[in-house]
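*Asks:* Sequence:
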Amino acid sequence: MNKKVSAGLMMYRFRNGILEILLAHPGGPFFKNKDSGWWSIAKGEPDENEDLLETAKREFKEETGITPEGNYVPLDSIVQKGGKTVYAWAFEGDAELGNVSKSNTFEAEWPPHSGKKMIFQEIDKIEFFPVDTAKKKIKEAQVKLIERLEEYLKNKQS
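The sequence shown begins at 1 in the working numbering and counts up one residue at a time.
Derived from the structure by calculation, the hints contain no laboratory data.
Some clues are possibly wrong.
Unchecked claim - Lysine to aspartate or glutamate pairs mimicking DMTMM-like chemistry, simulated, CA-CA at most 25 Å apart:
id	residue 1	residue 2
1	Lys61	Asp76
2	Lys116	Glu69
3	Lys136	Glu122
4	Lys61	Glu107
5	Lys4	Glu50
6	Lys4	Asp51
7	Lys144	Asp124
8	Lys137	Glu147
9	Lys84	Asp124
10	Lys32	Glu109
11	Lys136	Glu107
12	Lys81	Glu150
13	Lys125	Glu48
14	Lys84	Glu50
15	Lys81	Glu147
16	Lys4	Asp132
17	Lys34	Glu140
The task is simple: from the sequences and hints, build the whole structure.
*Replies:* Shown next, in the form of structure tokens:
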């Protein structure tokens with residue numbers, strides 16, 4: 001499968017009537033002090049011949065430690081700045097959020113050009129945000145996914 005594809009899940013909940021979206025912050029030293037515009041839905045690349053919804057569920061669990069359950073609402077796909085196509089689904093859920101201790105890890109040279117390799121978590125924190133805040137935190141291209149969820153929920157109520 002094209003490596004320019006990933007699939008992910010957007011978990012949402014209602015707290016005191018307010019829609020909140022779960023976002024993941026990328027780990028590693030490059031993102032340590034980056035906030036608005038850097039968060040993402042939990043997502044990843046499919047294994048060969050893997051169904052994209054199955055990829056999304058697997059990646060969500062790997063990155064958050066939360067087992068996704070429920071009805072999955074297709075949010076279609078978006079194309080990020082780097083050209084990667086992200087397929088996404090939303091589901092309603094809730095979880096007690098602590099430190100992300102279950103996230104996948106990656107190895108990177110740090111500090112740069114030092115020759116030293118270090119292991120970092122793919123995701124260093126996950127957090128629920130009210131929609132307006134989530135739209136500021138999430139990568140710009142992924143804002144459309146939140147808007148599609150809002151549209152779905154609005155149509156569901158009418």
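*Asks:* It remains to establish, for every hint, whether it holds in the given structure.
*Replies:* Here's how the hints hold up against the structure:
no., hint, result
1, Lys61 - Asp76, "holds (20 Å)"
2, Lys116 - Glu69, "violated (40 Å)"
3, Lys136 - Glu122, "holds (21 Å)"
4, Lys61 - Glu107, "holds (20 Å)"
5, Lys4 - Glu50, "holds (15 Å)"
6, Lys4 - Asp51, "holds (15 Å)"
7, Lys144 - Asp124, "holds (24 Å)"
8, Lys137 - Glu147, "holds (14 Å)"
9, Lys84 - Asp124, "holds (22 Å)"
10, Lys32 - Glu109, "holds (15 Å)"
11, Lys136 - Glu107, "violated (29 Å)"
12, Lys81 - Glu150, "holds (23 Å)"
13, Lys125 - Glu48, "violated (28 Å)"
14, Lys84 - Glu50, "holds (17 Å)"
15, Lys81 - Glu147, "holds (18 Å)"
16, Lys4 - Asp132, "violated (29 Å)"
17, Lys34 - Glu140, "holds (14 Å)"
Checked against the numbered hints listed earlier, the structure breaks hints 2, 11, 13, 16; every other hint is satisfied.
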